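These protein sequences, in sequence, are chains A and B. For the first sequence, my numbering begins at 1 and goes up steadily by one. For the second sequence, my numbering begins at 1001 and goes up steadily by one.
Be careful, since some hints might not be right.
[To be verified] Sample of chain B residues with no beta-carbon within 12 Å of chain A, all distances over it, derived:
(1) Tyr-1009
(2) Glu-1031
(3) Val-1041
(4) Val-1064
(5) Glu-1067
(6) Asp-1068
(7) Phe-1082
(8) Ser-1087
(9) Glu-1107
[Unchecked claim] Calculated cross-link-like contacts (lysine-lysine; reagent style DSS-like; alpha-carbon spacing at most 30 Å):
(10) A:Lys-84 to B:Lys-1040
(11) B:Lys-1096 to A:Lys-16
(12) A:Lys-84 to A:Lys-52
(13) A:Lys-52 to B:Lys-1101
(14) A:Lys-61 to B:Lys-1101
The set of hints was computed from the structure by calculation and includes no laboratory data. These numbers come from a predicted model, not from an experiment. From the three backbone atoms N, C-alpha and C, an ideal C-beta is built for every residue, glycine too.
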Amino acid sequence: MDVEVDGILVAAHELKAPLAVIRQLALSFDEMNSRDEHIRSEMISVSERAIKQVNDLIKVKRLESGLFEMEPVSVRAVCDDVTKELNYLFDYNRKELFIKYANRSRLVTANRELLYSVIYNFLLNAMHYSSEGARAELVIKEVKNRVRVVVRDFGPALPVDIWREMKRGFINKPTSIAMRPGSSGLGLFIASRFSRYMHANVGAVRHRDGTSFFVELPVSKQASLLNDFCN
Amino acid sequence: MIFVIDDDYIMAECIARATRRDAEIFPNAIEAMNAISDGKVPEMIFLDVLLDGPNGFTFLNEMVSYEDTARIPIVIVSSLDFDKDLSSYGVVGVLKKETMKPEDIYEYIEKYSD
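Excised from the complex, chain A in its bound form (with noise of 0.2 Å):
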């Protein structure tokens, strides 16, 4: 792996504990006033947030002993779970999620834990880099024998390079995102790592008002055969 990104895999080992205290004390907090409440919980959303972000680059290094196991995955339940997860923080941030299944309900062959993390990523993402007011869109859809989850945001307009690195469906290092200001390109650097693992198509589609990010992921032809078996 490259030196550069072993560092701050190291570094996302050192930080899990600060920032596990930093959650800790902000629960230990009794309830404050009605007023001052949502501060209270900010500070433990946003420092869960990082430690997912932590969580998931420690898995990056992980990838490398193969220790995430594959198997039939529903992208419904796992999207379902992403969207009740990061539902308040569209509502929050006064910014619509638009989700729509346009998909038969098939299982993929992945691993829940890094599709979970794919997805969510893409969505933070789109959270972060749609305008304010505009919305940001969920659609599942199948493409011959694959699925694929696309997260539109209605933002700045991905660069070039950006997205020819994604085209080739590998980030090779976070990389930050000069027209989407405030951004490392980490959620997309694990997304890509975590769907190059599943063997998974990972990409990015430019518009003239935002970007589409999407995995597509091969339907599971165990599921499959016992499916048509039932059938």
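We have chain A; now place chain B onto it with these hints.
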């Protein structure tokens, strides 16, 4: 008396506070073992695994080997992932530092502390 063994003092304080009991904090396993040798036997222990000096597993081995400490309920509080059954070492539960809540700690207190 509840023992909290954790080298991160702020985390240990959060755990001690969540027990809502008289709790003593130890930054390492040796100090906790010395306190027990001096006759201070806790009702329950919250134990971190990665510690300076002997780690949490060494402490578990030590505890289970003595008649007077073998039955003390121990809750592991760690950032590590555990998939092994540690009940033969007196471990009654595992809490992940990144996801646990104060009420999770208190639940163990209610269930296992006198």
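According to the definition I'm using, a residue is off the interface if its beta carbon is farther than 12 Å from all beta carbons of the partner; does Glu-1031 (chain B) meet that for chain A? holds, 20 Å
For Lys-84 (chain A) and Lys-1040 (chain B), compute the direct alpha-carbon distance and say whether it is at most 30 Å. Between Lys-84 (chain A) and Lys-1040 (chain B) the Cα gap is close to 47 Å, so the pair fails against 30 Å, i.e. violated.
Pairwise hint evaluation, Lys-16 (chain A) against Lys-1096 (chain B), where the allowed Cα distance is 30 Å at most: The given pair, whose Cα atoms are some 12 Å apart, holds under the 30 Å limit.
Does the alpha-carbon distance linking Lys-61 (chain A) and Lys-1101 (chain B) stay inside the 30 Å limit? Roughly 28 Å between the alpha carbons, so the hint for Lys-61 (chain A) and Lys-1101 (chain B) holds.
Verdict on Asp-1068 (chain B) as a residue remote from chain A, using beta-carbon distances over 12 Å: holds, 32 Å
Beyond 12 Å from every chain A Cβ - status for Val-1064 (chain B): holds, 27 Å
Just to be careful, I want the Cα atoms of Lys-84 (chain A) and Lys-52 (chain A) compared with a cutoff of 30 Å; is the pair within it? OK: Lys-84 (chain A) and Lys-52 (chain A) at ~16 Å, within 30 Å.
Examine each Cβ of chain A, and state whether all of them lie more than 12 Å from the Cβ of Ser-1087 (chain B). At roughly 24 Å from the nearest Cβ of chain A, Ser-1087 (chain B) sits farther out than 12 Å, so the non-interface label holds.
Does the no-contact call for Val-1041 (chain B) survive, Cβ to all of chain A over 12 Å? holds, 27 Å
Any Cβ of chain A at or closer than 12 Å to Tyr-1009 (chain B), or is the non-interface label fine? violated, 10 Å
Can we confirm that no CB of chain A comes within 12 Å of the CB of Phe-1082 (chain B)? The assertion about Phe-1082 (chain B) holds, with a minimum of 15 Å to chain A.
Going by Cβ atoms, does Glu-1067 (chain B) stay more than 12 Å from chain A at every point? holds, 35 Å
Of the hints listed earlier, those the structure fails to meet are numbers 1, 10, in rising order.
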